[in-house]
Amino acid sequence: MNEFELFPEAASSFAGELDLLYWFLTAVSVIFTVGIGVALLYLGIRYRRKSDDDPPPEEIHGSNLLEIVWSVIPLILAFVMFFWGAHLFFKMRIVPEDAMEILVTGKQWMWKLQHPNGKREINDLHIPLGQPIKCTMTSEDVIHSFYVPEFRVKQDVLPGRYTQLWFTPTKIGVYHLFCAEFCGTEHSRMGGKVYVMTPSEYESWLEGGSDASLSPVESGEQLFTSLGCATCHHDQKTSQGPDLAGVFGSMQPLDTGEKILADEDYMRNSILDPQSQVVQGYGKIMPSFKGMVTEVQISHLIAYLKSIGGSEETESTDEEKPESPESASLIDVVDPGTTGQRYVRMER
Amino acid sequence: MSAPGVEANEVAPGERRVHYLNWATTVKSWLLTLDHKRVCILYLCTITFYFLVGGVAATLFRIELMTPQGDFLSAEIYNKMFTMHGVAMIFFFLVPSIPATLGNFLIPLMIGAKDVAFPRLNLATWYIFTAGSLFALFAIINGGVDTGWTFYTPYSSTYANGHVIAATFGVFVAGFASILTGLNFIVTVHKMRAPGMTWFRLPLFIWAQYATSIIMVLGTPVIAITMVLIMVERGLGVGIFDPALGGDPVLFQHLFWFYSHPAVYIMILPGFGVISEVIACFCRKRVFGYEFIAFSSLAIAIIGFFVWGHHLFVSSQSVYAGLIFSFLTFFVGVPTAIKIFNWTATLYKGSVSFATPMLYALGFIGLFTVGGLTGLYLSTLAIDIHLHDTYFVVAHFHYVMVGGMVLAFMCGLHFWWPKITGRMYPQMTAKFASVVVFIGFNLTFFPQFIVGYLGMPRRYYEYPEQWQLLQLLSTAGASVLGFGFLMVLCYLPYSLVFGKKAGPNPWQAKGLEWEETTSPPSAHNFEKDPVVTEEAYAYTEGARNV
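So the sequences go chain by chain: A and B.
Take the first sequence: its position 180, counting from 1, is numbered 180 in this note's numbering, and each next residue is one higher.
Take the second sequence: its position 281, counting from 1, is numbered 281 in this note's numbering, and each next residue is one higher.
Chain B extracted, bound-state conformation:
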């Protein structure tokens, strides 16, 4: 269990240890880095920026929604704000969040490799992503886009004002970063595993990343093509989606959701991976039903490609198509339920510690359960007719995306922060912030289930008076939630300077990234090539050498 590589790397007190963050400090050494760990940091800064952009937009429209009248923002600005919120949060924060940051950092470390398979390509994805996303952001801020992140036609392709072409072009470009990252990860997992790291010794985080990468490679080209088709119709007047030009408006929805539904799993699967790691560590126990969790990730990735039509139950899709999509959608629910049950069962006879990452993990399980179960309402055909495009849908996907994915991201960030930075953040403050986030989140989004069933459509900046109380609760919750995130945004940077040194393995966790290298790791990850002789999560004697 001791790590010879780590000890050899220790230096005398007072002397500065060389690691990936400080071996070179020039701007050039960062911008031209081939180190997957530095690429992680670059991505982390970029997506934090987009999280703030999306957050500012959300703040503005939450203030507007405090009153039934449109008094704080004009209709135009309101529409641009929810578009900016959606585009920034989905395309530029959630999709890259865990894969491009924690995935980049951890995949080579967890499988015992020196880097990803294609380090230059890896850096290139960051440039592609940054260029595409800044272009879209510029278009949205400068001219404004009011189509919503879904860009439904023919509104987006013919009727909307604003810089739709520029925004869709930005999304198109940024998509290539996803494709190439996915490709890189798939090759890395196949070819770069350390001796002894067999497929069933892989940490579950790797399984989740692998499944995600498959979706990225297969799904993203479809959204890229769809964005190009919008540009062609809008720019050149070629009839594709607008019936006035001989096109089919519903075709767009099929193409869009063929990517965007699997994209939900791009966003959530890596979160599942994080939760598996954290639950195992803080129960000091192998995850219950390892194979079931691993294969349920793949099952979700595959079935996820066949359910897109559940977004089209009221869009004039045929009754029989609706029937099939509803049926398949229920099948996705089952592997998801399996994961929830297995994580819960892992606590049984464990040695449970409530450190900050564990609080986030438990919060994730609770909120994701609600998010998943309310998904059943929407896959039930008749109920979806009433709930489609109402606040119920808004609440549902925020329980999945924020309660699920953002909490999982927070969980992973707090778990691996000492590994990434070498510093520990203040525990009590962090635990307090996690509770604030949990309460704020529920206060924000639970009322939206109610106002949704009452019938309030989404994307309304004015609404009937009787729903003001619920909207007011939601805004109040959003300010609590925002405060929680701001706390995180303060104490994590604070810990970079004032946090106490973490040591190689502050959580006594299993895994190559904890046991075989320092915190932060050296530029080449491992001093000695690791050889794997045990299963993942071998916290107890009996599990080793199986």
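One chain only, chain A, in its complex shape:
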């Protein structure tokens, strides 16, 4: 449990104005609630029945004056709230000309985002401080909703049409990105982080590739997380795709009935053209990551997948499948072109 908070951070140009209106509403609510509560308690105790023989109270039918007063006062307050809220709402809906456009695509269960220069991200969004940002959004399947509480913005993302929202980030930091519209099993995992950085940091982030100081496995692990692979490839039965631990180097049955060895080529092909060779029992739903990852990054990803293969295998399958120790290392030495057949031969 982290530190306790009562209020979300205010990190966009709307947040302050919206919070002010929120405080106004809260003040009105507290005044009315306390007023009613105190009136009920006071009147209840002041006029409580002392005994059942108390004479019936005097008749009061009502008062038209009072009815008018307590209809008009709430009506006036309601008008204030309405106009104030509508005024701010219009501001939130009129997108400024100089806004930088981010293309957003929602799908079960990830956000795909693309920057003006073509750079893509999944579930994370890096944006420069002080720059109005316009998100143009659509969905590939069901209705999602793009929500960043710290910016106080939210907009449903619909299949078959585009919706927009905009904001200007005003504070450096890392904020939540949520899907707010229920979209299926992993709805609560459909989200990530929004990174607000200084414009110069943003520029270098746009230029930059992977961090040179990391090993291929570490860098691959980072990519695996940042590209959202783990959203579908995990070990629970709700997963949309196969769990990838231990897959590298094993035989995988395809939906065509064939079996294929999960080697480097298969892995690369599955990242760039995922629908061509789908493992049996899974749908053709994985998007292509073509253009989102460089060749270097693909090799890092594969390095990572190899690394999770080794450890899982020794832990979980020792008893059932006493593998010959050379079977795992075999793949590393065989010629990529003929791996499949040779592996099958080995099995027999």
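Think of the hints as simulated: they come from the structure by calculation, not from any bench.
Any given hint might turn out to be false.
To be verified - Here chain A is said to cover these stretches of chain B; the calculated rule only asks that three of the stretch's residues, wherever they fall, bring their Cβ under 8 Å from a Cβ of chain A: (1) 243–249; (2) 290–300; (3) 330–336; (4) 362–368; (5) 385–397; (6) 461–475.
To be verified - Chain B residues, not near chain A, derived (Cβ > 10 Å throughout): (7) 173; (8) 192; (9) 314; (10) 374; (11) 376; (12) 436; (13) 488; (14) 511.
Claimed, not checked - A few chain A residues that don't get close to chain B, going by computed Cβ distances all over 10 Å: (15) 13; (16) 37; (17) 74; (18) 97; (19) 114; (20) 131; (21) 198; (22) 233; (23) 257; (24) 269; (25) 273; (26) 281; (27) 286.
Beta carbons are placed, not taken as given, at the ideal position from N, Cα and C, and that holds for glycine.
Once you have looked at the hints, place chain B on chain A.
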């Protein structure tokens, strides 16, 4: 003020008095009954069952939400649980709760009639309701439905796994029970009033039921059609809502909320009626501003049909449509505020007694005030953008639905329990339980306002760690709330056997059901046809014969 009919019906001690509960005791006499009072009992058993079903689902997901990780339930089960909770509580508990139980029992008694206008139809609604709801429940338990009670498309119509068609069919069937009950009540109120029972002598409970019935008859067919459209798209692949098939996903939301927003008033208006009766009785005073309360019910029923778009502020609805719906929504707030003020003013110079029903009524006013005021946040366009689909919304509608409607139901049940069963429940235990419910409720749902403004979306089974404390408080509160309800569930059945005999009018209340018949009433309600010569709530001399 004395009731000749009642005295004539008294029997010597030791002798068993014949009334609607014991004149025949066979199963057949219950299942084929045409007596509106027995239909009330049938409904009461059925909706109690659904309250428990919804409660069990809530218990499970509240346990899950104690930790930020998804460790107790899987995502799939969690989604099915909140769907089951919503469907059971809204369609099968809250919508029929007061109209089908207390409404059925009291409308004929309050207006001096022997039964509702169409007794056979009345029984038929129970069969329709039971069949539809069991079918839906079976589908939900057996295959599971994970769409939420809102069935948003295209998720529900194309993408969701599970028995969506069966569940929506169950809701579709159960809807007919609502339509026919509403129809029956409207005709009953128009045609069956006793001589002298003019419109402005009607108890406010009848006004509220009448307004509710109008919404049931006009609104329910729309949800029925909507459910059919989902079935057609899902079953036959006809493109209605899914853009991949050429449909419009937002169309569903319009159709759904065209019913489901007025349905909020189906749920809450009868509660208003109960509160008016109880406040009058325990202040021994006519309700302040009777006409304003009566007409505000009708105003809410009518305006309630024009505000559905406030559920769609972020759904891509046009800015101008949002503007109009926001404006109209604020108008609903005003008649609601009028009711709150009038009830409070009734206490002034009254003779206030804090019996169990009165405690529930006061709790209702407090919690409903909070529920209503937080509704203003959500009707304010800019604020709704931030709060839409967060826990703030969850907290808001639970303040209205549980703090409002469930408390009003409890209030009415405790008020008329001696009339329905002839027995009185233990007062101190009941008062204690009402306080437990009040505290548990606030502990459960108040933290959700905070976590909602912090930005936690609803229907999340995993969430960021910094919100655990608030979710934990909520779960703790839910266990207190559950304990309160369990107490009620124990002492009310207990009172059936061990409770002391209530007598015809234990609260010295005004009204035909108290003054002109026994507790429990005889099978034909009144020994002598009642004639009404005074206003409702004529607790003081001056008010009579006005």
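Confirm or reject: residue 374 of chain B is not an interface residue toward chain A, with every Cβ-Cβ distance exceeding 10 Å.
Violated, since 7 Å does not exceed 10 Å.
Check, residue by residue, whether the stretch 385–397 of chain B contains three or more positions whose beta-carbon lies closer than 8 Å to a beta-carbon of chain A, and give the verdict.
holds (count 5)
Is the Cβ of residue 198 of chain A more than 10 Å away from each Cβ in chain B?
24 Å, holds
Can we confirm that no CB of chain B comes within 10 Å of the CB of residue 233 of chain A?
15 Å, holds
With d taken as the least Cβ-Cβ distance between residue 273 of chain A and chain B, does d exceed 10 Å?
The claim stands: residue 273 of chain A keeps its Cβ more than 10 Å from every Cβ of chain B (closest is about 23 Å).
Taking the minimum C-beta separation from residue 114 of chain A to chain B, is that value above 10 Å?
Non-interface label stands for residue 114 of chain A: nearest chain B Cβ at 21 Å, farther than 10 Å.
A cut-off of 10 Å on Cβ-Cβ distance, and residue 131 of chain A was said to be off the interface with chain B. Does that hold?
21 Å, holds
So is the stretch 461–475 of chain B in contact with chain A by the C-beta rule, three or more residues under 8 Å, or is the coverage claim wrong?
holds (count 8)
May I ask you to check that residue 269 of chain A keeps its beta-carbon over 10 Å from the closest beta-carbon of chain B?
27 Å, holds
If you look at each residue in the stretch 362–368 of chain B, do at least three have a Cβ nearer than 8 Å to any Cβ of chain A?
Contact hint for the stretch 362–368 of chain B vs chain A: holds, 3 residues under 8 Å.
10 Å cut-off, C-beta based - residue 436 of chain B kept clear of every residue in chain A
19 Å, holds
The stretch 243–249 of chain B covered by chain A? Criterion: 3 or more residues, Cβ-Cβ distance below 8 Å.
Holds, because 3 residues of the stretch 243–249 of chain B bring their Cβ atoms closer than 8 Å to Cβ atoms of chain A.
Checked against the numbered hints given earlier, the structure breaks hints 9, 10, 11, 16, 17 and satisfies all the rest.
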